[in-house]
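Novice: One letter stands for each residue in the lines below.
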Amino acid sequence: MSTGPEIARPATPSMNDESSTPRRKRGVPEGLWLRCPKCSATIFRKQVEKNLRLCPECSHHFYVPARVRIQQLFDDDSFEEWYTELRSVDPLNFHDQKPYKTRLIAEQKKTGLDEACVVGKGYMRGRPVVFGLTDSAFIMGSMGSVVGEKLTRATEEATRQKLPLIIVSGSGGGARMHEGILSLMQMGKVSAALGRFHDAGGLYISVLTDPTMGGVAASFASLGDVIIAEPEALIGFAGPRVVKATVSSELPEGFQTSEFLLKHGFIDTIVPRTELRSEIVRIVDYCT
Amino acid sequence: MSAPLPLPFERPILELEKQLSDLEKQPDPTAVTRESIRRIRTELNKLKREVYEKLNPWEIVQVARHDARPKAMDYIELVFDEFVELHGDKAYGDDRAILTGFAKLGDRKVMLVAQQKGRNLRERLEHNYGMAHPEGYRKALSKIQMAAKFNLPVVCLIDTAGAYPGVGAEERGQAYQIALNLREMARIDTPIVCVVIGEGGSGGALGIGIGDHVAVLQFAYYSVISPEGCAGILWKHAKHADKAAHALRFTSKDLLELGVVDEIISEPIGGAHRNHRQMATNLHASLTSALKDLSEIPKDQLLDRRYEKFRKIGVFEETIAVGQA
Ligand SMILES: [Zn+2]
Numbered sequence: 001m002s003t004g005p006e007i008a009r010p011a012t013p014s015m016n017d018e019s020s021t022p023r024r025k026r027g028v029p030e031g032l033w034l035r036c037p038k039c040s041a042t043i044f045r046k047q048v049e050k051n052l053r054l055c056p057e058c059s060h061h062f063y064v065p066a067r068v069r070i071q072q073l074f075d076d077d078s079f080e081e082w083y084t085e086l087r088s089v090d091p092l093n094f095h096d097q098k099p100y101k102t103r104l105i106a107e108q109k110k111t112g113l114d115e116a117c118v119v120g121k122g123y124m125r126g127r128p129v130v131f132g133l134t135d136s137a138f139i140m141g142s143m144g145s146v147v148g149e150k151l152t153r154a155t156e157e158a159t160r161q162k163l164p165l166i167i168v169s170g171s172g173g174g175a176r177m178h179e180g181i182l183s184l185m186q187m188g189k190v191s192a193a194l195g196r197f198h199d200a201g202g203l204y205i206s207v208l209t210d211p212t213m214g215g216v217a218a219s220f221a222s223l224g225d226v227i228i229a230e231p232e233a234l235i236g237f238a239g240p241r242v243v244k245a246t247v248s249s250e251l252p253e254g255f256q257t258s259e260f261l262l263k264h265g266f267i268d269t270i271v272p273r274t275e276l277r278s279e280i281v282r283i284v285d286y287c288t
Numbered sequence: 001m002s003a004p005l006p007l008p009f010e011r012p013i014l015e016l017e018k019q020l021s022d023l024e025k026q027p028d029p030t031a032v033t034r035e036s037i038r039r040i041r042t043e044l045n046k047l048k049r050e051v052y053e054k055l056n057p058w059e060i061v062q063v064a065r066h067d068a069r070p071k072a073m074d075y076i077e078l079v080f081d082e083f084v085e086l087h088g089d090k091a092y093g094d095d096r097a098i099l100t101g102f103a104k105l106g107d108r109k110v111m112l113v114a115q116q117k118g119r120n121l122r123e124r125l126e127h128n129y130g131m132a133h134p135e136g137y138r139k140a141l142s143k144i145q146m147a148a149k150f151n152l153p154v155v156c157l158i159d160t161a162g163a164y165p166g167v168g169a170e171e172r173g174q175a176y177q178i179a180l181n182l183r184e185m186a187r188i189d190t191p192i193v194c195v196v197i198g199e200g201g202s203g204g205a206l207g208i209g210i211g212d213h214v215a216v217l218q219f220a221y222y223s224v225i226s227p228e229g230c231a232g233i234l235w236k237h238a239k240h241a242d243k244a245a246h247a248l249r250f251t252s253k254d255l256l257e258l259g260v261v262d263e264i265i266s267e268p269i270g271g272a273h274r275n276h277r278q279m280a281t282n283l284h285a286s287l288t289s290a291l292k293d294l295s296e297i298p299k300d301q302l303l304d305r306r307y308e309k310f311r312k313i314g315v316f317e318e319t320i321a322v323g324q325a
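First to last, the sequence lines map onto chains A and B. Take the first sequence: its position 221, counted from the start at 1, is 221 in the UniProt record's numbering, and no numbers get skipped. Take the second sequence: its position 253, counted from the start at 1, is 253 in the UniProt record's numbering, and no numbers get skipped.
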């Protein structure tokens, strides 16, 4: 790759951990103790971190930062990150309450990531795979030009190297507003690349995590040969608040959860995080 | 022409139009009256040109959404010589927000896929304001696939505020169906021309928007999110939609500059809603020429060309020269 191999390092609490990013409900907020949003238990933060970011009481799936997810899924030190020199610019000169450029810098500081997307190649129990991930902490995991480009290149590389492709999606933001129409077009770009990968017989496993919405759900996240979701993730096209405002009535119980999608036939299986790596490996072995 | 709703920036035009029609109604006009009519006509044309040259992005959104703006059904009547509607998505139901069927453009036979907002309240309700459910996107895709089977080029007319954000749409896989359309439209082996005729609302527009030639009408817009939606999130209130409209850079000029569209189709002076016939003529000419050009591209190059067209969209920096693994 252009930038030479870079081995993903274990997250340091100050860089890649939620400790630097006090998140509202879904994350692991700052402090020694935290309250589980599902069972309301007060739990020791370190215990959650040691336990795949699961609540020890009820197995609530907390947010997982990119680097931690890579550690969870890949054989030790086997992940090589690609295209690390790609950086977002500000093609629209976009300025809402703060300039997009300022926002990017703030998000980089907050998450320790260059962008919302990490791609590369690694080994899962000895099996080589091309991997992509969107981190919902970086501008809501939204897709702009860099996210689209990284995922497209990774897909093209998986096609060339004839390797399975695994993408773990986390995006509340869908297509990134700050890059306007260019973000919308990334949906087409990545999907077209996945079409070629599909034609070449490649295996694509899409893993949906909380939340996977909008333009991410309506492009690469929904195009897996096999689609896996973590339990109780929010997954859908339109945000629940938009839907609620449109239909002006209460939403059905469990609307837009992983379980809802499974019931309606739009995902293949729900896999708890404890089993995620072995399930991916099992599917890879069936298809390759 | 049906009476357009008064847009604030159109008021001076409407006043002058009123003056003109009053004068024109006079029986046995004197030479002075005839002279006034001539003068006002000239002035009116000049005024329309001036007002429409200076429209800001938020005003353009209002023109694009104008009730009297020609809708897909107008173009079906004025641009195409025949329309043989095909209703079936063969899975769930007939989504009236997207019309599909065989159509004739001069002597060229095409498959037409058109988002239909409706021209009056009855039609708008019937067509769900052009906001499609998954079955609409599924119907569109299946007809485009059939077009390839029978060597027919495809024309997609895009005009939607967005894919419908409802409970049923989510239950029936709105995200999945749009994603599938993106992937499949990128690899369907027949020429596809897409034209944004009014609103190009996000994923709902893109779901029938992958093609070899993408055009936009002069006062249409094509955006990742509605200006109201964007303002609600980034400015914390939809009332800042005008600010969002400026920031999003979604006017036809912007789209051409950003490399997202290939062509801007001119509108009649004062906007398409003032002259449906002229607009239809312009659209007819553009479609005819695009389809002719695409028919000359060798079959084995068409899909590579379409892939590259979308592949190169995006703006970013890469600090080290591009290399490959
Ligand atoms: Zn719990």
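In case anyone wonders, no lab produced these hints; they're calculated from the structure. Please read these numbers as outputs of a predicted model, since none were measured by experiment. You may find that some hints are simply not true.
[Claimed, not checked] Here are the simulated BS3-like cross-link-like pairs (lysine-lysine), alpha carbons at most 30 Å apart as the crow flies:
1) K98/A with K110/A
2) K239/B with K101/A
3) K101/A with K312/B
4) K101/A with K243/B
5) K243/B with K109/A
6) K110/A with K243/B
7) K101/A with K253/B
8) K109/B with K90/B
9) K98/A with K149/B
10) K50/A with K98/A
11) K98/A with K109/A
12) K54/B with K253/B
13) K253/B with K149/B
14) K50/A with K101/A
15) K244/A with K38/A
16) K244/A with K239/B
Novice: Run every hint past the structure and note whether it holds.
Specialist: Hint-by-hint comparison with the structure:
1. K98/A with K110/A: Judged against 30 Å, a Cα distance of about 16 Å means the pair holds.
2. K239/B with K101/A: holds, 24 Å
3. K101/A with K312/B: holds, 22 Å
4. K101/A with K243/B: Roughly 18 Å separates the two Cα atoms, so the pair holds.
5. K243/B with K109/A: Distance of about 28 Å is within 30 Å: holds.
6. K110/A with K243/B: holds, 27 Å
7. K101/A with K253/B: holds, 24 Å
8. K109/B with K90/B: holds, 23 Å
9. K98/A with K149/B: violated, 51 Å
10. K50/A with K98/A: violated, 37 Å
11. K98/A with K109/A: This hinted pair holds, its Cα atoms lying about 16 Å apart.
12. K54/B with K253/B: holds, 13 Å
13. K253/B with K149/B: Given pair K253/B, K149/B is violated - Cα atoms ~36 Å apart, limit 30 Å.
14. K50/A with K101/A: Given pair K50/A, K101/A is violated - Cα atoms ~35 Å apart, limit 30 Å.
15. K244/A with K38/A: Holds, because 22 Å separates the two Cα atoms, which is no more than 30 Å.
16. K244/A with K239/B: holds, 20 Å
Hints 9, 10, 13, 14, counting from the list given before, are not met by this structure.
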